[in-house]
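There are 2 protein chains.
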Amino acid sequence: MREIQDRRSIRKYSDREIDEVALGKILESARLAPSGHNRQPWHFIVVKNPERKRRIAEVAGGQTWMLTAPVFIVCVADIRARIETDEVLYIDEETPSFELKRVIRDTAVAIGHILLEATALGLGTCWVGWYLQKDIRPILDIPPDKFVLGVITVGYADEAPGQRPRKSMEEMLHRETW
Amino acid sequence: MREIQDRRSIRKYSDREIDEVALGKILESARLAPSGHNRQPWHFIVVKNPERKRRIAEVAGGQTWMLTAPVFIVCVADIRARIETDEVLYIDEETPSFELKRVIRDTAVAIGHILLEATALGLGTCWVGWYLQKDIRPILDIPPDKFVLGVITVGYADEAPGQRPRKSMEEMLHRETW
Numbered sequence: 041m042r043e044i045q046d047r048r049s050i051r052k053y054s055d056r057e058i059d060e061v062a063l064g065k066i067l068e069s070a071r072l073a074p075s076g077h078n079r080q081p082w083h084f085i086v087v088k089n090p091e092r093k094r095r096i097a098e099v100a101g102g103q104t105w106m107l108t109a110p111v112f113i114v115c116v117a118d119i120r121a122r123i124e125t126d127e128v129l130y131i132d133e134e135t136p137s138f139e140l141k142r143v144i145r146d147t148a149v150a151i152g153h154i155l156l157e158a159t160a161l162g163l164g165t166c167w168v169g170w171y172l173q174k175d176i177r178p179i180l181d182i183p184p185d186k187f188v189l190g191v192i193t194v195g196y197a198d199e200a201p202g203q204r205p206r207k208s209m210e211e212m213l214h215r216e217t218w
Numbered sequence: 041m042r043e044i045q046d047r048r049s050i051r052k053y054s055d056r057e058i059d060e061v062a063l064g065k066i067l068e069s070a071r072l073a074p075s076g077h078n079r080q081p082w083h084f085i086v087v088k089n090p091e092r093k094r095r096i097a098e099v100a101g102g103q104t105w106m107l108t109a110p111v112f113i114v115c116v117a118d119i120r121a122r123i124e125t126d127e128v129l130y131i132d133e134e135t136p137s138f139e140l141k142r143v144i145r146d147t148a149v150a151i152g153h154i155l156l157e158a159t160a161l162g163l164g165t166c167w168v169g170w171y172l173q174k175d176i177r178p179i180l181d182i183p184p185d186k187f188v189l190g191v192i193t194v195g196y197a198d199e200a201p202g203q204r205p206r207k208s209m210e211e212m213l214h215r216e217t218w
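For the record, the sequence lines run as chains A and B.
The opening position of the first sequence corresponds to residue 41 in the working numbering, with each subsequent residue numbered one higher.
The opening position of the second sequence corresponds to residue 41 in the working numbering, with each subsequent residue numbered one higher.
So that you can see chain A by itself, here it is in the shape it has in the complex (with noise of 0.2 Å):
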C-alpha cells in the first residue's frame, strides 16, 4: 500500500491549519481498527491549546519541534474496557497485568490506523512517546487507571526524510518454526 510505502515520522510542520473534516477522517480510521472481543478499548484527546502543546512537549523531553505541529492527538488505553470492577486501579509502565497487555495492543493497532489515513490525506504525523505516565496524566486530567500511550503529532510536513533503515526480511521471517 502507498500509505505504508509513504509514511515518515515528521518533526518538523509548517503553519498549515488541519481542517476539521480531515481531522474527522483521522479519528474514523481508529475508530475502524480491530480489537480483541470489539472491546474498543481506546480514547482520544484532541489538543489544539499551545500552552497545552507545551506542557506535553515539556514532558516528552522537551521535543521542542513538536511545537510546529497544530495538532496533538493524544492517544489512550483503558483497561476498564476489559476489566470491571469498582475497585481502584492504578496503571503504570511496570503494571503486570494481560488485559494492560491487550488494551496497549489494540490500542496500537488503532494508532497505526491514524498514522496511515494521515498519509492517505497528505499530512505528516509522529508518534511521542518519551514521557512517564505519573508526568503526562495530570496535563490532561486523565485518571490514573488510563494508559497514554502516543501523542501523535499531526499537521502538513515541511520536511521530506527518507524511509528510515529498516532489518532485512531474513531477520525476521521464520519458515514453519523459529
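Derived from the structure by calculation, the hints contain no laboratory data.
Certain hints may be false.
Below, in silico cross-link-like pairs of lysine-lysine (DSS-like), each with a Cα-Cα straight-line distance of 25 Å or less [what the hints assert, rightly or not]:
(1) B:K93 - B:K52
(2) A:K93 - A:K207
(3) A:K65 - A:K93
(4) A:K65 - B:K207
(5) A:K52 - A:K65
(6) A:K207 - B:K65
Given chain A, put chain B in place with the hints provided.
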C-alpha cells in the same frame, strides 16, 4: 482509506492458495511499520504445515475454522530488541516489564499493517489471540523470552461479514482534556 473501511475478520476461507508474491507484499508491509527507536522488535513465522496449524488451532481454544486458512502468520514480539543482557529471561502474560509493553505496542502496529495490506490484495485475515504463551511457543520452537502477540489467519474469504458494531465517536473523543 478503503482498506480500513473494508477490513473484516474472516473465519471461513476458500481452498484457493496464496502465492508467494502476495505473501511477500504482506510481510513487507509489516517490515515497514514504525517502531520506538526504530528497534523493529518483531518476528514473523509463516506456517503452512497442516499438522502444525492443527496444533496451533487446538491451543487457540479449538477454533477449527482456522484450519480453512492456507497460511498462518505467527507474530512474535521480542523484548531482546530493547534489552541487551545475557540474563535468562522468561516472559508471559503477567510480566510487568515496560520494555515488553513497548515491543507489544510496536509489533501490534506491524500486525495492523498485515491486516490492511492483505485487504488491499483481496485477502481475508483474522487476528487470533486466544492461547497462552506456554502452550503455543513449544509448537513453533519459540524461546520463552518471546511473546506471541497474534496468530493471523490469511486466505481468500469464503464469507462476507458486515462491519462489527462500533462505539460512537462521542464515546471515544475528547477535546483538550479527558
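Structure-based check of each hint:
1. In summary, the hint linking K93 (chain B) to K52 (chain B) is supported, as the alpha carbons are separated by about 15 Å, within the 25 Å threshold.
2. With a C-alpha separation of about 34 Å, the suggested pairing of K93 (chain A) with K207 (chain A) is violated against the 25 Å cut-off.
3. At roughly 22 Å between alpha-carbon atoms, K65 (chain A) and K93 (chain A) fall within 25 Å of each other, so this suggested pair holds.
4. In summary, the hint linking K65 (chain A) to K207 (chain B) is supported, as the alpha carbons are separated by about 16 Å, within the 25 Å threshold.
5. Between K52 (chain A) and K65 (chain A), the direct Cα distance comes to roughly 22 Å. Compliance with the 25 Å bound is thereby established for this hinted pair.
6. The hinted pair formed by K207 (chain A) and K65 (chain B) meets the criterion: a straight-line CA distance of about 16 Å does not exceed 25 Å.
Checked against the numbered hints given earlier, this structure breaks only hint 2.
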